[in-house]
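Just so you know, the sequences run in chain order W and G. For what it's worth, this note's numbering labels the leading residue of the first sequence as 1, then goes sequentially. For what it's worth, this note's numbering labels the leading residue of the second sequence as 518, then goes sequentially.
Heads up, a few of these hints could be off.
Chain G stretches covered by chain W per the calculated footprint, using a threshold of three residues with CB under 8 Å from any CB of chain W [said to hold, decoys possible]: (1) 529 to 535; (2) 579 to 593; (3) 602 to 614; (4) 640 to 652.
None of these hints come from the bench; they were simulated from the model. A quick note: this is a predicted structure, and the numbers were derived from the prediction, not measured. Ideal placement from N, C-alpha and C gives every residue a C-beta, glycine not left out.
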Amino acid sequence: MSVIKVYIPGDSAAVSVGADEVALEISRLARASKIEIEVIRNGTRGALWLEPLVEVQVGDDRIGYGPVSVDDVAELFASQFLSGGSHSLCIGKVSEFHWLASQDRITFKRVGLVDPLSISDYQAHGGWVGLQRALTLSGAEIIAEVSESGLRGRGGAGFPAGIKWKTVLETENETKYICCNADEGDSGTYADRILMEGDPFTLIEGMTIAGIAVGAQEGYVYIRSEYPAAIAQLSAAILVAREFGILGSSVLGSGKAFDIKIRAGGGSYVCGEETAMLESIEGKRGVVRSKPPLPAISGLFGKPTVINNVLTLASVPAVLADGAASYKSRGVGRSLGTQVFQLAGNVKQGGIVETGFGVSLGELITGYGAGSLSGKAIKAVQIGGPLGAYFAPKNFDLPMDYESLVAAGGMLGHGGIVIFDTDVDLAIQAKFAMEFCAIESCGKCTPCRVGSTRGAETIQRIIDGEEFEPHKRLLLDLCEVMTDGSLCAMGGLTPMPVMSAMINFPEDFENRVGGTK
Amino acid sequence: MTHSSWSIDAATAVLQPLSAEPGPVLIALQAIQEEFGYVPTQAVTLIASTFNVSRADVHGVLTFYHDLRTTPPLEHEIKICVAEACQAVGSRDLEKVLKTTYKDQVCDAFCFGNCALGPAVMVNGKLIGRATPAKVAEEVK
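In isolation and in its complexed conformation, chain G is listed as follows:
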């Protein structure tokens, strides 16, 4: 996953096609994150002025959704499913092992819809079924 570094021109270009969409704030934040890897503070002001909503409205949406982040992403994004179906096949133990190895690059997720082949881990967007520390290591290297 490669992301651009922040520039107001690039951000304006990202937002421009969304101007015809009704209720554009969430899709605007998603588009900004897709482009830059996170939502920089400047983007909040830009989205507010582009779509004629208050900065508070944009901030409210930004802080509601777990997916949206306000800091640059780390080298690897390792999401482990800690919902019930994966718990039933040992995701709690796997979570401990992964967090020891990969520290804050690991975050919890609730269900990837791979509930018959758990534990499920998503590494940099790639879904791993019947995940083990070895399978995760294979993707992270």
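Excised from the complex, chain W in its bound form:
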């Protein structure tokens, strides 16, 4: 009998709910029953409520079981799960599992499917095709393809990637850099982490294509320290890529050099702002820089620098491999391609939903998410991280694309959606937004540094039941100053959750008596 392949995610989220213990128990019982198995620690499929999701290779299919706890393992063996036997935890063929099968996975196509550090597995699933094609093109041709695809920055700003790359290409300098922003600090977002842990070669390939395109020989990935497993996995993948001649003095034998270094963050949210990140990579305090100059002209160590988010760079291999036309056939309007949405917070079926832009908020939350975890009614959702707007269920028909969200007074950000049930108090959330800004402000500009503290104090007075109208006027005025007067998005966007909470949930602010509603 041949060795049975058993996939048990090694992803941090899966491990946080017991995947390591389940892997040990399955190995132990297989040994005891003298069944030869090979345990592969894949990335997560992104259906996080099913973690640990154990998959067994049966013929050409993978049969899934989840969520598996250590206590379930003996019963799974009794149900012959190693040959795909039926069990109450069985979700059937994973490739036909509707929640996954109905998605359109481009950036995440290999995550959960492959052994993350196996270069042959990566290649067998379409890896390096984009890079090989890029090596046959000129820098300008690669950039034309990226521009044509409509790919925009997935970190939050939504700036067209091709234009940024073109600026770096056209800025003459012997030294240029590719910086990958993996400081995924927004609460409710985790796609960068899952990709780096589950399919790190895709990011390496994307960065290498960027380097070849603009003529940079060195790349940095700035990963937040809260992601130790992602740091370890990407570091290991870089070593493998060097060993196989992907990275180094001659990328795939092309004679063109490119290599990647990792820098860990220091637990500072503002370092996700691109110029603060550059300062931090340079080993300094993460204080925001004034723009201009744009980092594309004078960035890391004063050199022309491409700065892109993990998901932006990880989408590039697919754009090059399948062509711009294929990528931009997805999405709507000026939001082309797919977006990796992340369902988080009080949600029954939380996880990664990659689909074309334009899907409705309601389809994500009540469709994929299946409503709240607590079973109570959903009261609010925050889209786009701690600087994003709070929306109410009345907004569930909102199409999820860059422009529609801006028109509705919000922003897509990094695609995270945090769901709250009726227990949430939006005045408390508004105060938290200001407090968070006060803690994380780099301190360079006054509207952010001082405004956030004054904002938190003002909202506290509203919570304490002081007269609403004068405090509301004060808060609106303060928010205007912060929005217009801050140097970066930290102070400039903190008013967004505050204002949207006040506009969409006025009942939580008006007529409060001594801290209660």
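With chain W fixed as given, assemble chain G onto it according to the hints.
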């Protein structure tokens, strides 16, 4: 997590491989903390002289980043995520319970990227999803 006790030789050995790196101050502080569990005052002077920067520059970086600490670590390091996604599943209540039990060994964190399986708590570097006081106690003992 075991850490060495401070010695200038050990610290010099930690810093030595970083001398070729551009902008080494933050990675130097991180390496010192990794080795000794915190950044002792003497390390600031050593980093300044090793990389030819002012002590003020090193102090500035040391005091900017939440991760870096200037006092030895306590027995357990319990970080609880108090960002929005975990708030939505009760991290504020969990924070109160943990702080009552474990006092100053508990500190706030903003997001471990486990936002669909919150509340998230990290105990001595190990991430716990759907955290409860019982699950945390299991790791702390």
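Verification of the hints:
Only residues whose C-beta sits within less than 8 Å of a C-beta in chain W count toward coverage, and the segment 529 to 535 of chain G has 0 of them, not enough to reach three; the restraint is violated. Coverage of the segment 579 to 593 of chain G by chain W holds [criterion: at least 3 residues with CB-CB distance below 8 Å; count 5]. Requiring three or more residues with a Cβ within less than 8 Å of a Cβ of chain W, the coverage given for the segment 602 to 614 of chain G holds, as 5 such residues are present. Coverage of a stretch by a chain is defined here by at least three residues with a beta carbon nearer than 8 Å to that chain's beta carbons; for the segment 640 to 652 of chain G and chain W the count is 5, and the condition holds.
Hint 1 from the list above is the single one not met by this structure.
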